[in-house]
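Letter by letter, the chains look like this.
Number of protein chains: 2
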Amino acid sequence: MTTNPNPPFSFEVIAADPKTGARAGIFHTPHGDIETPVYMPVGTQATVKGLLPRDLKEAGAQIILSNTYHLYMRPGHEIVQKAGGLHKFMHWDRPILTDSGGFQVFSLAQLNKITDEGVWFHSHIDGSKHFFTPEKVMEIENALGADIIMQFDECSEYGADRDYARRALDRTVRWLERCAAAHGRPDQALFPIVQGNLYEDLRLESVAAARPFARYGIGIGGLSVGEPKPRMYEILDAMRPALPEDVPRYLMGVGSPDCLVEGVMRGIDMFDCVLATRIARNGTALTSKGKIVVRNAEYKEDFSPLDEECGCYCCRHYTKAYLRHLVNAGEILAATLLSLHNVTFLTGLMRGMREAILRGTLGEFREEFYARYAGAAEGKM
Amino acid sequence: MTTNPNPPFSFEVIAADPKTGARAGIFHTPHGDIETPVYMPVGTQATVKGLLPRDLKEAGAQIILSNTYHLYMRPGHEIVQKAGGLHKFMHWDRPILTDSGGFQVFSLAQLNKITDEGVWFHSHIDGSKHFFTPEKVMEIENALGADIIMQFDECSEYGADRDYARRALDRTVRWLERCAAAHGRPDQALFPIVQGNLYEDLRLESVAAARPFARYGIGIGGLSVGEPKPRMYEILDAMRPALPEDVPRYLMGVGSPDCLVEGVMRGIDMFDCVLATRIARNGTALTSKGKIVVRNAEYKEDFSPLDEECGCYCCRHYTKAYLRHLVNAGEILAATLLSLHNVTFLTGLMRGMREAILRGTLGEFREEFYARYAGAAEGKM
Numbered sequence: 001m002t003t004n005p006n007p008p009f010s011f012e013v014i015a016a017d018p019k020t021g022a023r024a025g026i027f028h029t030p031h032g033d034i035e036t037p038v039y040m041p042v043g044t045q046a047t048v049k050g051l052l053p054r055d056l057k058e059a060g061a062q063i064i065l066s067n068t069y070h071l072y073m074r075p076g077h078e079i080v081q082k083a084g085g086l087h088k089f090m091h092w093d094r095p096i097l098t099d100s101g102g103f104q105v106f107s108l109a110q111l112n113k114i115t116d117e118g119v120w121f122h123s124h125i126d127g128s129k130h131f132f133t134p135e136k137v138m139e140i141e142n143a144l145g146a147d148i149i150m151q152f153d154e155c156s157e158y159g160a161d162r163d164y165a166r167r168a169l170d171r172t173v174r175w176l177e178r179c180a181a182a183h184g185r186p187d188q189a190l191f192p193i194v195q196g197n198l199y200e201d202l203r204l205e206s207v208a209a210a211r212p213f214a215r216y217g218i219g220i221g222g223l224s225v226g227e228p229k230p231r232m233y234e235i236l237d238a239m240r241p242a243l244p245e246d247v248p249r250y251l252m253g254v255g256s257p258d259c260l261v262e263g264v265m266r267g268i269d270m271f272d273c274v275l276a277t278r279i280a281r282n283g284t285a286l287t288s289k290g291k292i293v294v295r296n297a298e299y300k301e302d303f304s305p306l307d308e309e310c311g312c313y314c315c316r317h318y319t320k321a322y323l324r325h326l327v328n329a330g331e332i333l334a335a336t337l338l339s340l341h342n343v344t345f346l347t348g349l350m351r352g353m354r355e356a357i358l359r360g361t362l363g364e365f366r367e368e369f370y371a372r373y374a375g376a377a378e379g380k381m
Numbered sequence: 001m002t003t004n005p006n007p008p009f010s011f012e013v014i015a016a017d018p019k020t021g022a023r024a025g026i027f028h029t030p031h032g033d034i035e036t037p038v039y040m041p042v043g044t045q046a047t048v049k050g051l052l053p054r055d056l057k058e059a060g061a062q063i064i065l066s067n068t069y070h071l072y073m074r075p076g077h078e079i080v081q082k083a084g085g086l087h088k089f090m091h092w093d094r095p096i097l098t099d100s101g102g103f104q105v106f107s108l109a110q111l112n113k114i115t116d117e118g119v120w121f122h123s124h125i126d127g128s129k130h131f132f133t134p135e136k137v138m139e140i141e142n143a144l145g146a147d148i149i150m151q152f153d154e155c156s157e158y159g160a161d162r163d164y165a166r167r168a169l170d171r172t173v174r175w176l177e178r179c180a181a182a183h184g185r186p187d188q189a190l191f192p193i194v195q196g197n198l199y200e201d202l203r204l205e206s207v208a209a210a211r212p213f214a215r216y217g218i219g220i221g222g223l224s225v226g227e228p229k230p231r232m233y234e235i236l237d238a239m240r241p242a243l244p245e246d247v248p249r250y251l252m253g254v255g256s257p258d259c260l261v262e263g264v265m266r267g268i269d270m271f272d273c274v275l276a277t278r279i280a281r282n283g284t285a286l287t288s289k290g291k292i293v294v295r296n297a298e299y300k301e302d303f304s305p306l307d308e309e310c311g312c313y314c315c316r317h318y319t320k321a322y323l324r325h326l327v328n329a330g331e332i333l334a335a336t337l338l339s340l341h342n343v344t345f346l347t348g349l350m351r352g353m354r355e356a357i358l359r360g361t362l363g364e365f366r367e368e369f370y371a372r373y374a375g376a377a378e379g380k381m
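Protein chains in written order, with my numbering: chain A, 1 to 381; chain B, 1 to 381.
These aren't lab readings, by the way, just hints derived from the structure by calculation. Computed from a predicted structure; not experimentally measured. Please note: incorrect hints may appear among the correct ones.
Copies of the same chain look alike in the list, so a pair counts if it fits in one copy or across any two.
What the hints assert, rightly or not - As a list, the in silico PhoX-like pairs of lysine-lysine whose alpha-carbon atoms are at most 25 Å apart:
1. K300 / K88
2. K113 / K82
3. K129 / K300
4. K300 / K136
5. K82 / K300
6. K82 / K229
7. K129 / K113
8. K289 / K229
So here's chain A without its partners, still in its complex pose:
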């Protein structure tokens, strides 16, 4: 099948579903191989909240995402660099992807001024003023040392009019060129990002502009930012024929179970999302039969595991009654155990899809997923 050898990176598509375009592949990186499609847990501040790296590996994580904006703010990229890079700093020896901070400066920080040169913004921590340019972001990402780094982009918000979506897209393309010129480490793969909001023609234009820079992979940004899921799927359908075949396609910030299934069906290879660990900290579990809000009184004397089909440490050793107690008592072990379980659930879902692609049974997999997961949860997705 398709192979794209660009040492130290290369991507092999080892099977593809002829009906849907879903692919099973292997992405070779300096820190090891990633079997795709893959879900990446999010380690915003150089830690996937509440999980030791060994727990994360046990949960099936092949690669994690960390946030450039947050690490620049705290502890500072120079400190991570002096520590020997992000892998060593956080003791994670598998691949890492860093985003570019683009999404954060446009959503989390207090925006001050956007120009072609870059973005002035105020820190969400202490209000201090900072300036991100494509060159600055490459300097930060190079210092952090992830295997995969994302370009600095401008993400227009959900509901943006066509004019702003167009301007943000054009700027993203100009910034891509500057990122590519400034990026200096051959052991890091730079991914361009497709923008264009919900305008199909802009999306296609953005794909075309990104393709020359998609040597190792391509990111799709600006989705799952508030739009109805069917709109996101339409945009993915529209882009699919135009996306490069020989590199991994990464749908940024998407990771609810149904979106993972629908994304894979549309040829997406990589996903990340804070959902699994965030809802874990709120006491919610993802299971093969739908979501479980562990705090609910119905689990007070439920001495069964979260998910009978799950083999994770949490499901092997703990009952819903115990987890409910931990959540109610405000114990941090609740976050650890539920995160461990939720990450295991999503990595298992991806592995299940990968195997279905290899066996040519992805359609059945999807049907069963909806019959059991969505059905049992009565739409609680």
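For this one, chain A is given, so just place chain B on it according to the hints.
Leaving out everything else, chain B in the frame of chain A:
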């Protein structure tokens, strides 16, 4: 040496320091052997905060303590019993000790009324009114199913006058008789508790009253509640000749490194304290050279481990700079890693003392401890 066979419990003193009375022993329990002297991490709400049981074992924990008052309040002892007991509920297959709630109802809850019959108090969680009697506490501790259970006692506060200390002691003795009569599980060892505040004659009287009930072990309560450490040591010195030789002696709620050393020197075999895990959550580490406040700016670019001599997961894989980042960023992994380290430090300290007792070098051990630990920390104990 001394052996006290009371299956399923027995205690062997395998070595004793002739100069100090410090002992090295093995306490056999239904959930395994405990090498003494031993430090017990505290798992108040059926979890040692932030640590998976496997992490706790790796940190050297042989036995943990859990709190009867807290588990009665939440999730309720009946639920723990229905779950198959505390060991199964929290997935801890080594020994557990439960306190009696005495200390908590007199310190944490809002006291309402103390009579010979029992204690009325209000929950610290929701203000609801509850009544603890010796019989009720035995019912709760029997339901929880720990290996070692403590009698219900009245702990007079630091500064209490002789009259109140006397009344609390007398009531503790009467309650002991009722606990012994109500306790119904031969697989649980009931420990009486010595009270008497800082009055040496009352302490000796209390020891004498407790001894007939000290079949498996004896607890010493009401110390480390605010008095200067030398006062505590004087009381321990005064009690030592009167304490039974053939059972473990447990100094309740004591666990700073220096108190552990001084306690062992005075013939104490068991200790528990929240200190190690509580200060971990505040970002403080116990090390062979003294306490480290990880948040301090001096560790910003310190890429060495917390303790060069420690082999725990935290010290093998992480630097002070990383831990400081986690603490500053409010990441719960900071609590996990520092707790793992601090528990490892205290279990290592106890193991070191045990080996010194076996080798007859406890005096040198103590000298070296003070020279390095206290000296390096400039009195920061």
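Against the structure, the hints:
1. K300 / K88: between (42 Å within a copy, 16 Å between copies)
2. K113 / K82: neither (31 Å within a copy, 61 Å between copies)
3. K129 / K300: between (49 Å within a copy, 22 Å between copies)
4. K300 / K136: between (52 Å within a copy, 23 Å between copies)
5. K82 / K300: Cα proximity of K82 and K300: across copies only (11 Å, versus 49 Å in one copy).
6. K82 / K229: neither (42 Å within a copy, 43 Å between copies)
7. K129 / K113: The answer is within: 11 Å in one copy meets 25 Å, while 58 Å across copies does not.
8. K289 / K229: Classified as within; 21 Å inside a copy, 57 Å across copies.
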